[in-house]
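Engineer: One letter stands for each residue in the lines below.
There are 2 protein chains.
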Amino acid sequence: MFLGEVERIAGKNISDVLAKLVEIPTVSAWGGSEMVEGANLVSSLLKSLGFRVEVKSGGGNPVVFGEIGDGSKTVLIYNHYDVQPPDPMELWDSDPFEMVIRDGRIYGRGVADNKGNIAARLAALEILLPHIDELDLKVKFIIEGEEEVGSPTLARVVEDNREWLRASGGIWETGYVKRDGRLSISLGFKGMIYFEASLRGANRDVHSGYSPIIPNPVWRIARMLTLLKDENGNVLVPGFYDGIDREFLETGEIMLREVDIGDLEAMASALGIKEFVGGVRGVEALRRLYLMPSLNVSGLYSGYTGKGSKTIVPSTASIKIDVRLVPGQKPDVIMGSILEYLKSRGFQDIEVKIESMYPSGYTKPGEPIVKASIGAALEAYGVKPEVLPMAAGSGPIYLFTNILGIPMTGAGVGYYDSRVHAPNENIRLEDFIRGVKHIILTLINFAAITR
Amino acid sequence: MFLGEVERIAGKNISDVLAKLVEIPTVSAWGGSEMVEGANLVSSLLKSLGFRVEVKSGGGNPVVFGEIGDGSKTVLIYNHYDVQPPDPMELWDSDPFEMVIRDGRIYGRGVADNKGNIAARLAALEILLPHIDELDLKVKFIIEGEEEVGSPTLARVVEDNREWLRASGGIWETGYVKRDGRLSISLGFKGMIYFEASLRGANRDVHSGYSPIIPNPVWRIARMLTLLKDENGNVLVPGFYDGIDREFLETGEIMLREVDIGDLEAMASALGIKEFVGGVRGVEALRRLYLMPSLNVSGLYSGYTGKGSKTIVPSTASIKIDVRLVPGQKPDVIMGSILEYLKSRGFQDIEVKIESMYPSGYTKPGEPIVKASIGAALEAYGVKPEVLPMAAGSGPIYLFTNILGIPMTGAGVGYYDSRVHAPNENIRLEDFIRGVKHIILTLINFAAITR
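Residue numbers (my numbering), protein chains in the order written: chain A, 436 to 886; chain B, 436 to 886.
Here chain A stands alone, though its shape is the one from the complex:
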């Protein structure tokens, strides 16, 4: 049913939709007029399919709302048109903002996260459209432009449009195919605290001949880092592992029994990593990844970072830290614990700029949209999907699961080597096509299951 058209429409959407999306450098960390340009493209793509489109704003980049169908069963699809910065540029084999197809793979910033999913879902809707009334479906899109910087204004948009966003099931932005060919479906996403912390020494850089007497903040930031995490990867901030939802942990433990560590081991091996952090293995590695909060340094800089040499005592040293939270953990409480701990250890003068802050959200495996998605995956991929209690990554899914109360399932067109957030981000053509099928089937299943 319907699937005969998939390959043709998918192919058309890769060249007509995805290529255009990739071309606009919608890097939300940079901002600029490209963000509006990206939102306008998304609006016009939705309109051309017949969607009723509204553009909203919570004070940040535009959020595109689109709605089609008049059925009683409503599915909300969340995506984002913004992408991560492309650097380090020199490690890309082709221009990150030009879609290139090589050896069955589609390359470009955002093809996996998350423009490829926008294109695939539009293809699915185009195919399903003639049957939408017969399925008694209404499909809504919400496509934001700040996901990669922590969705700072999305909460406002959701609060302001609770009625419009009402739905009985939802599909989250992303997902990927594992090495063994199974689709990985995530039923939750971690929360996020992203902040930049700086320490200062002198009020300007000084000739490093004076280093014996002028304090260099690099030594202090190094000490601060060793106080944050031990050599086995355990976060040393008191209370960092507190507050985790018991029910989530219990359900999660059970779900992890069905999860294979093989993909992670293969990934580590491809990355040249001999062992996981702290030497953890098997289910303990899965637990750390899918059930526990984390603290990471995404960036570190001080003084001269150009080529060759410059001899200075730098005046500042800065770190960019991302903390990922799990269900039950409150971002303000955890951030408070981190700051209190650092201040108690001699870093009263730390300067902190919070870039984003939101909690985790998740859906229980028995919800109709999850069942619809699992069934669709078995058909589209020919094999039972892997269902994770929580993705390793973050996303503001709590706005939908916790605030709006919509059960959400995750799925997408990436694969295990998609290099999300990294140079040479790519997806496989076959996964794009199967991803289109999976969305079609999920919607059909959902229409069948719900009353």
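Among these hints, one or two may not hold up.
Stated by the list, open to error - Within a straight-line C-alpha distance of at most 20 Å, the following computed SDA-like cross-link-like pairs (lysine to any residue) qualify:
(1) B:Lys742 / A:Lys709
(2) B:Lys742 / A:Pro523
(3) A:Lys742 / B:Ser468
(4) A:Lys742 / B:Pro587
(5) A:Lys788 / B:Gly741
(6) B:Lys742 / A:Glu525
(7) A:Lys742 / B:Met727
(8) B:Lys742 / A:Gly741
(9) A:Lys491 / A:Thr588
(10) B:Lys742 / A:Val787
(11) A:Lys742 / B:Gly741
(12) A:Lys709 / B:Arg635
(13) B:Lys742 / A:Ser753
Claimed, not checked - Over 12 Å on every C-beta distance to chain A, these chain B residues come out as not near it, computed from the model:
(14) Glu442
(15) Val490
(16) Arg537
(17) Glu594
(18) Asp640
(19) Glu688
(20) Tyr776
(21) Ser853
To be verified - Which stretches of chain B does chain A cover? Using the computed rule of at least three CB atoms under 8 Å from a CB of chain A, they are:
(22) 509-522
(23) 664-672
(24) 723-735
(25) 809-817
(26) 827-835
Worth flagging that the hints you see were computed from the coordinates, not collected in a lab.
Everything numeric in this text was worked out from a predicted model, so none of it was measured.
Just so it is clear, CB atoms sit at the ideal spot from N, CA and C, and this is done for glycine as well.
Guided by the hints, dock chain B onto chain A, whose structure is given.
Structural biologist: Just chain B now, with coordinates in the frame of chain A:
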């Protein structure tokens, strides 16, 4: 004698010579055709005064040799036409590569270090020229273009031209006027080891959702830094303080009795620093600065250092370290100790790129060129100079003092707030004029003292 002309010639050289020198961005850390352009300008300036000029090379940037006079008393003057990188650009109040005069100060990259000294010394020679035979003097210039990157090819040039470089006294590139109006004369410069050290994790950046299991080299580099130096600024590498020349230390201790800590305290206060590293005060601070080796981090970088947020586990973390050595210490021995120590503490995989490496050199205070310089300072500045056993900074003076056996004295046109290596580098007009006088008088005194 001669000094009536100083103000006029100094003024002319500021506008005609220094302005032109500043205009060429001879940043040796960047390289490029500007280096040859800088050398050509220096050559033509020397030629226009009547110098016999030869351009030499040791495989790197051109080294300009110039000689004038035929007397039996030879003085060798060392300078460099290269400069430090100007960044952080945004902290400059005017273009670093355009000389600007504001409120009696001359601004631009290199005006203190070291283009201002080139211009001042050319002015001194222009004034002295009619009398050079009568003084029985021969003056030689050696002006290199790699001092700010550790003079990697100067040793070769010196070895290849030992005969040409023969002299009975020498004047080093730089010096400055203290807050109390005294000229500071340095009788030595520290040695230098500049290296970049990197640690690797995965072979590419990875989405930071995987941080619980994929090693991040930032944590290791932080730990490495805490093993290099304690909180009081003591270097923890075994043997780091070994091998220091006893005689230098003894003479140095005596000389420090005449050195006033006030300038350093005022500098720290202007920099917003409440206390020196480790809380040291008085002669202990002077000892650390002028008699002891040091280890500093000039730069530190890993992962995303742009604006906003990017969430990755960085694949590499790097530090740029400058080590400054004192007389008696062998660079290869100290570098060996650092690497052996790091390897013994779990950093066998450290990748090191050495940018420069040379020992310290110094001159004893009783040498004729030093006496000539001290007497000249009393006359030019109206007050006894401060004489330091060693500058806080480095320079390849050992090639002259140790290899060629030429006693060297240091003097120059900077002042205590010249912001050497930093934004808004500047000198005072009055110091330029007094610096010209000081060079003239040093040469006259030297001619009178020596036979």
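Engineer: Work down the list of hints and note, for each, if the structure agrees.
Structural biologist: To see whether the hints hold, each was checked on the structure:
With a C-alpha separation of about 32 Å, the suggested pairing of B:Lys742 with A:Lys709 is violated against the 20 Å cut-off. Only pairs whose Cα atoms come within 20 Å are accepted, and B:Lys742 paired with A:Pro523 is accepted, the gap being roughly 14 Å. Under the criterion of a C-alpha separation no larger than 20 Å, the hint pairing A:Lys742 with B:Ser468 is consistent with the structure, at around 17 Å. Proximity of A:Lys742 to B:Pro587 is assessed by CA-CA distance (about 16 Å); at most 20 Å being required, the pair is judged to hold.
In summary, the hint linking A:Lys788 to B:Gly741 is supported, as the alpha carbons are separated by about 14 Å, within the 20 Å threshold. With a C-alpha separation of about 19 Å, the suggested pairing of B:Lys742 with A:Glu525 holds against the 20 Å cut-off. Between A:Lys742 and B:Met727, the direct Cα distance comes to roughly 28 Å. Violation of the 20 Å bound is thereby established for this hinted pair. Distance restraint check for B:Lys742 and A:Gly741: the Cα-Cα separation of roughly 17 Å lies within the 20 Å cut-off, and the hinted pair is therefore satisfied.
A distance of roughly 11 Å separates the Cα atoms of A:Lys491 and A:Thr588; the hinted pair therefore holds under the 20 Å criterion. Distance check on the hinted pair: B:Lys742 and A:Val787 sit about 14 Å apart at the alpha-carbon level, within 20 Å; holds. Only pairs whose Cα atoms come within 20 Å are accepted, and A:Lys742 paired with B:Gly741 is accepted, the gap being roughly 17 Å. With a CA separation close to 12 Å, the supplied pair A:Lys709 and B:Arg635 stays within the 20 Å bound.
For a cut-off of 20 Å, the pair hint linking B:Lys742 to A:Ser753 stands: about 12 Å separates their Cα positions. In this structure B:Glu442 is separated from chain A by more than 12 Å, as the shortest Cβ-Cβ distance comes to about 30 Å. With 12 Å as the threshold on Cβ separation, the claim that B:Val490 sits away from chain A holds: the shortest Cβ distance comes to roughly 23 Å. For B:Arg537, the requirement that its beta carbon stay farther than 12 Å from each beta carbon of chain A is met, with the minimum near 18 Å.
Against chain A, the non-interface label of B:Glu594 holds: every CB pair exceeds 12 Å, the least being about 23 Å. With a least CB separation of 5 Å from chain A, B:Asp640 falls inside the 12 Å interface cut-off, contrary to its annotation. The claim that B:Glu688 is not at the interface with chain A holds, since no C-beta of that chain comes within 12 Å of its own (minimum 16 Å). No Cβ of chain A approaches the Cβ of B:Tyr776 within 12 Å, the least distance being about 16 Å, so the stated non-interface status holds.
A cut-off of 12 Å between C-beta atoms contradicts the statement that B:Ser853 is not in contact with chain A; the least separation is 9 Å. For the segment 509-522 of chain B, the stated coverage by chain A is satisfied: 3 residues place a CB nearer than 8 Å to a CB of that chain, which reaches the threshold of 3. Coverage of the segment 664-672 of chain B by chain A holds. Counting CB-CB distances below 8 Å, 3 residues qualify, and the rule asks for three or more. Restraint check on the segment 723-735 of chain B versus chain A: 10 residues with Cβ-Cβ distances below 8 Å, three needed, restraint holds.
Restraint check on the segment 809-817 of chain B versus chain A: 0 residues with Cβ-Cβ distances below 8 Å, three needed, restraint violated. Note: the segment 827-835 of chain B has 3 residues with beta-carbon separation from chain A under 8 Å; the three-residue rule is met and the coverage holds.
Consistency with the previously given hints fails for numbers 1, 7, 18, 21 and 25, ordered from lowest to highest.
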